[in-house]
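Could you build all of it, start to finish, from the sequences and the hints given here?
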Amino acid sequence: MGSLDERVDTDLLRALIARRTDLDFLFVGRATDEAADALAAFPNVTLAGPHPPERLPGFLARMDVGIIPFRVTPFTRSIYPLKLNEYLAAGRPVVTTPFAPLGDAEALVHTASDAGVFSRALDHALAATGPAAKARRIDFARGNTWTARAAAFSEVVASVAATHALV
Numbered sequence: 000m001g002s003l004d005e006r007v008d009t010d011l012l013r014a015l016i017a018r019r020t021d022l023d024f025l026f027v028g029r030a031t032d033e034a035a036d037a038l039a040a041f042p043n044v045t046l047a048g049p050h051p052p053e054r055l056p057g058f059l060a061r062m063d064v065g066i067i068p069f070r071v072t073p074f075t076r077s078i079y080p081l082k083l084n085e086y087l088a089a090g091r092p093v094v095t096t097p098f099a100p101l102g103d104a105e106a107l108v109h110t111a112s113d114a115g116v117f118s119r120a121l122d123h124a125l126a127a128t129g130p131a132a133k134a135r136r137i138d139f140a141r142g143n144t145w146t147a148r149a150a151a152f153s154e155v156v157a158s159v160a161a162t163h164a165l166v
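Just so you know, we're using numbering that gives the first Met the number 0 here: the sequence shown kicks off at 0 and counts up by one.
For the record, the hints were derived by calculation from the structure and aren't laboratory data.
Think of the CB as a built atom: it goes at the ideal place given N, C-alpha and C, for glycine as much as any other residue.
Some hints could be false.
What the hints assert, rightly or not - Derived CB-CB ranges, DEER-like: (1) Ala-157 / Asp-32: 47 to 55 angstroms; (2) Asp-138 / Ala-164: 21 to 29 angstroms; (3) Ala-131 / Asn-43: 28 to 36 angstroms.
Claimed, not checked - Derived lysine to aspartate or glutamate pairs resembling DMTMM-like cross-links, with alpha carbons at most 25 angstroms apart: (4) Lys-133 / Asp-103; (5) Lys-82 / Glu-105; (6) Lys-82 / Glu-53; (7) Lys-82 / Asp-36; (8) Lys-133 / Asp-122; (9) Lys-133 / Glu-53; (10) Lys-133 / Asp-21; (11) Lys-82 / Asp-122; (12) Lys-82 / Asp-63; (13) Lys-82 / Asp-113; (14) Lys-82 / Asp-4; (15) Lys-133 / Asp-23; (16) Lys-133 / Asp-63; (17) Lys-133 / Asp-32; (18) Lys-82 / Glu-33; (19) Lys-82 / Asp-23; (20) Lys-133 / Glu-105; (21) Lys-133 / Glu-85; (22) Lys-82 / Glu-5; (23) Lys-82 / Asp-32; (24) Lys-82 / Asp-103; (25) Lys-82 / Asp-138.
Written out as structure tokens, the structure is:
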């Protein structure tokens with residue numbers, strides 16, 4: 000889910016998709032012409048295109064694993080993708096490249112830097128479907144909502160305001 004654009008490692012995806020003909024890959028969202036051309040020829044790829052947000056839960060229900068195959072660049076080092084929380088909120092395991100530090104979420108994701116490791120990580124993720132693992136993912140996402148983030152930010156501001164003069 001999300002855009003297939005310059006952030007996405009299409010070389011890794013092509014190698015992974017060619018390797019994993021036993022899996023179907025569903026991409027929902029906008030795609031650059033370059034990304035669409037790189038992936039559309041694979042018989043195990045569906046490019047669903049962009050859809051309104053209210054349709055995304057239906058797509059998530061069809062997915063067994065969420066993937067975030069971002070390139071590792073100075074730009075992606077500063078990204079925290081919202082799709083990570085969407086996948087986790089749906090209880091889905093996640094496989095990602097090591098594009099950026101993900102904080103507490105790192106304990107819940109499988110990280111892989113090349114197609115071979117990504118393929119093995121997908122196998123581990125597909126096996127991590129038990130109720131306890133799913134509950135951990137959902138609990139993490141519940142604590143990582145915009146409301147929870149705003150509350151944490153407010154606590155930091157209140158703490159600073161209590162100990163420092165504001166001008």
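Hint by hint, here is what the structure shows:
1. Ala-157 / Asp-32: 47 to 55 angstroms: holds (48 angstroms)
2. Asp-138 / Ala-164: 21 to 29 angstroms: violated (39 angstroms)
3. Ala-131 / Asn-43: 28 to 36 angstroms: holds (30 angstroms)
4. Lys-133 / Asp-103: Between Lys-133 and Asp-103 the Cα gap is close to 16 angstroms, so the pair holds against 25 angstroms.
5. Lys-82 / Glu-105: holds (14 angstroms)
6. Lys-82 / Glu-53: Holds. Lys-82 to Glu-53 sits at ~14 angstroms (cutoff 25 angstroms).
7. Lys-82 / Asp-36: Answer holds: Lys-82 to Asp-36 is near 23 angstroms, not above 25 angstroms.
8. Lys-133 / Asp-122: Measuring from Cα to Cα gives roughly 16 angstroms; hence the hint holds.
9. Lys-133 / Glu-53: Given pair Lys-133, Glu-53 holds - Cα atoms ~22 angstroms apart, limit 25 angstroms.
10. Lys-133 / Asp-21: holds (24 angstroms)
11. Lys-82 / Asp-122: holds (20 angstroms)
12. Lys-82 / Asp-63: Holds - the C-alpha atoms of Asp-63 and Lys-82 are around 14 angstroms apart, at most 25 angstroms.
13. Lys-82 / Asp-113: holds (21 angstroms)
14. Lys-82 / Asp-4: With Cα atoms ~15 angstroms apart, Lys-82 and Asp-4 stay inside 25 angstroms; holds.
15. Lys-133 / Asp-23: Holds. Lys-133 to Asp-23 sits at ~21 angstroms (cutoff 25 angstroms).
16. Lys-133 / Asp-63: Holds: Lys-133 and Asp-63 sit about 11 angstroms apart, inside 25 angstroms.
17. Lys-133 / Asp-32: violated (35 angstroms)
18. Lys-82 / Glu-33: holds (22 angstroms)
19. Lys-82 / Asp-23: This hinted pair holds, its Cα atoms lying about 19 angstroms apart.
20. Lys-133 / Glu-105: With a Cα-Cα distance of about 15 angstroms, the restraint between Lys-133 and Glu-105 holds, given a limit of 25 angstroms.
21. Lys-133 / Glu-85: holds (13 angstroms)
22. Lys-82 / Glu-5: Holds, because 17 angstroms separates the two Cα atoms, which is no more than 25 angstroms.
23. Lys-82 / Asp-32: The given pair, whose Cα atoms are some 22 angstroms apart, holds under the 25 angstroms limit.
24. Lys-82 / Asp-103: holds (16 angstroms)
25. Lys-82 / Asp-138: holds (16 angstroms)
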